[in-house]
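Undergrad: Listed here are the chains, written in short residue letters.
Protein chains: 2
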Amino acid sequence: MSESSVPSEPFLATLAITGVGLIGGSIAAAARQRHVAGRIVGIGRTEKRLAEAVEAGLIDEGSTDVAVAADADLAVVCTPVDRIAQDVRALAEVMSETSLLTDAGSTKRALCQELADLDGVHGPAFIGSHPLAGSTRQGFEHADPDLFDRKVCVLTPQSNANPTEMARLETFWTALGAVVHRRTPNEHDQALARTSHLPHLVAAALAGSLSEEDTELSATGLRDTTRIAAGDPALWVPIFQHNSSAITTALDRFQAQLKEFSDGLRRDDGCALQKLLEEAKRKRDGLG
Amino acid sequence: MSESSVPSEPFLATLAITGVGLIGGSIAAAARQRHVAGRIVGIGRTEKRLAEAVEAGLIDEGSTDVAVAADADLAVVCTPVDRIAQDVRALAEVMSETSLLTDAGSTKRALCQELADLDGVHGPAFIGSHPLAGSTRQGFEHADPDLFDRKVCVLTPQSNANPTEMARLETFWTALGAVVHRRTPNEHDQALARTSHLPHLVAAALAGSLSEEDTELSATGLRDTTRIAAGDPALWVPIFQHNSSAITTALDRFQAQLKEFSDGLRRDDGCALQKLLEEAKRKRDGLG
Chain A
192 MSESSVPSEP
202 FLATLAITGV
212 GLIGGSIAAA
222 ARQRHVAGRI
232 VGIGRTEKRL
242 AEAVEAGLID
252 EGSTDVAVAA
262 DADLAVVCTP
272 VDRIAQDVRA
282 LAEVMSETSL
292 LTDAGSTKRA
302 LCQELADLDG
312 VHGPAFIGSH
322 PLAGSTRQGF
332 EHADPDLFDR
342 KVCVLTPQSN
352 ANPTEMARLE
362 TFWTALGAVV
372 HRRTPNEHDQ
382 ALARTSHLPH
392 LVAAALAGSL
402 SEEDTELSAT
412 GLRDTTRIAA
422 GDPALWVPIF
432 QHNSSAITTA
442 LDRFQAQLKE
452 FSDGLRRDDG
462 CALQKLLEEA
472 KRKRDGLG
Chain B
192 MSESSVPSEP
202 FLATLAITGV
212 GLIGGSIAAA
222 ARQRHVAGRI
232 VGIGRTEKRL
242 AEAVEAGLID
252 EGSTDVAVAA
262 DADLAVVCTP
272 VDRIAQDVRA
282 LAEVMSETSL
292 LTDAGSTKRA
302 LCQELADLDG
312 VHGPAFIGSH
322 PLAGSTRQGF
332 EHADPDLFDR
342 KVCVLTPQSN
352 ANPTEMARLE
362 TFWTALGAVV
372 HRRTPNEHDQ
382 ALARTSHLPH
392 LVAAALAGSL
402 SEEDTELSAT
412 GLRDTTRIAA
422 GDPALWVPIF
432 QHNSSAITTA
442 LDRFQAQLKE
452 FSDGLRRDDG
462 CALQKLLEEA
472 KRKRDGLG
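Chains as they are written, first to last, in our numbering: chain A, 192 to 479; chain B, 192 to 479.
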């Protein structure tokens, strides 16, 4: 390797993060630890929390005024999915024409459609991101610089996305440790409905159907199966609403599987139940 | 404390275990490590596996002939739930009148009814046990002496159970580290349908409804939610069959919850979804 392959400057002079919670804080921590950004600014809704994030060493400067991001090369919006579009627009108004905007939201179709005009031709470009990493914990106090390490991050460019901007965004997430995959916004939402949104709904329905007196006789299997139901409802309601049609399709498919189990139970059909459990085990073992 | 409270002899001279797999092997390992039994004999179906369990130091002697348990004070049957009754009967024929028989099966109503005549009046007594501990791994190679440590073990005595035998059984499981709870066989099966059997069915139906191409975009939430679907189908089919009526009741209740989510999605009713997720989170947080 030639010396020129070792960057003397960080990849980004200034990184802006709107929403310095668990995800935004972890992006800041990872960018800091991996020397991805020379300076990190945070935008939030309360001065106090931002001051605490500065105090914690996660960001260099915080403000409730989006103008703090004026010099940023790249901004990541880490707010709930029903707030992302407006937060991206606010940044686009103050950031330079050559800057790049992205997000960390769990749904992409509605968002990328809404922001399709931010194509980078006459202003900053927006390309959607979704790092498949998280926690049921909330707040930057639980930020983890390794949260994205070897985790998938899905990028969802529109068909007219600038390849140079795509390469920049891919470099950014790769530098944070993530493994980048590319999907259309619609492909992303269909797949995530099955692998994330439906599992969340199912875990919540299972937790919701428990009796208080069941707590005493619960074991690790139940705790694992319902773990994600402890997630923040305020984050999940808009995810459900933004992707309701794909989730409904996934739910129908799941209910068809449930019915097969239910029929097997009612008919006392051991062979049918065995076959269903073997198929489920085969698919589960495939997840690693 | 007087010296007499320190036992000079192990609680059991001889412990017999039928089915030396993950659970049976872990009982042996725990009994060995905690000096609960002076001698441990294993009964199984293949000489080779039993010889390997002796070689591994889990049991002192193994045999495919139940007569090896003739001198045992206590026997634990750790075979799949559709084999427990016959394995208990086989032991009852060779063991002494003062001996105690139990099991480690996940369903109790059918079993305890079938073995109700083993009340200890004219021969060995049987009292059902269900340690709420396990693993998706199989085989005594994964035996863990701490598998029962601070885990719940449910004892399900019939109404005519001898209090002395109950106390003995409670002492046994407590000595292995477990926290003993007492339920009627029917109460046990109703509760476990909700806290274990339904979650297993739901995890399997969720895994079963995945597409092969979903693997790439799956995250830890999906893996947690479906983890138990990797369990051995041969163990779970008889559990489903033995407890089908209680599982069907629990499944109906779960499906009613699913329908509420589904209605909320179709109506785009954010308030309803928020309420459902909050209730689920409250119950999940209660599991600790």
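Just so you know, these hints were derived from the structure itself, not from any lab. If you're wondering where the values come from, they're calculated on a predicted model, not measured in any experiment. Keep in mind that the hints are not guaranteed to be accurate.
[Stated by the list, open to error] List of simulated lysine-lysine pairs, DSBU-like, C-alpha gap at most 35 Å:
id, chain 1, residue 1, chain 2, residue 2
1, A, Lys-466, B, Lys-342
2, A, Lys-239, B, Lys-239
3, A, Lys-342, B, Lys-466
4, B, Lys-239, A, Lys-450
5, B, Lys-466, A, Lys-239
6, A, Lys-450, A, Lys-466
7, B, Lys-342, B, Lys-450
8, A, Lys-342, A, Lys-466
9, B, Lys-450, A, Lys-466
10, A, Lys-239, B, Lys-342
11, A, Lys-342, A, Lys-450
12, A, Lys-450, B, Lys-450
13, B, Lys-239, B, Lys-342
14, A, Lys-342, A, Lys-239
15, B, Lys-239, A, Lys-342
16, B, Lys-450, A, Lys-239
17, B, Lys-466, B, Lys-450
18, B, Lys-342, B, Lys-466
[Stated by the list, open to error] Short, incomplete list of chain A residues facing chain B, as computed with Cβ under 7 Å:
id, residue
19, Asp-310
20, Asn-353
21, Ala-366
22, Val-370
23, Arg-414
24, Ala-420
25, Phe-445
26, Gly-477
[To be verified] Just the calculated beta-carbon pair ranges, DEER-fashion:
id, chain 1, residue 1, chain 2, residue 2, range
27, B, Arg-457, A, Glu-200, 49 to 55 Å
28, A, Gln-446, B, Glu-305, 30 to 36 Å
29, B, Thr-327, A, Thr-289, 50 to 56 Å
30, A, Val-370, B, Arg-373, 46 to 52 Å
31, B, Thr-406, A, Asp-459, 43 to 49 Å
32, B, His-313, A, Gln-446, 47 to 53 Å
33, B, Glu-305, A, Thr-411, 46 to 52 Å
34, A, Ala-247, B, Glu-403, 51 to 57 Å
35, B, Thr-365, A, Glu-243, 16 to 22 Å
36, A, Glu-469, B, Glu-305, 24 to 30 Å
37, A, Arg-373, B, Gly-248, 49 to 55 Å
From the three backbone atoms N, C-alpha and C, an ideal C-beta is built for every residue, glycine too.
Undergrad: Could you work out which earlier hints the structure fails to respect and list their numbers in ascending sequence?
TA: 2, 4, 10, 15, 16, 19, 20, 21, 22, 31, 33, 34 and 35
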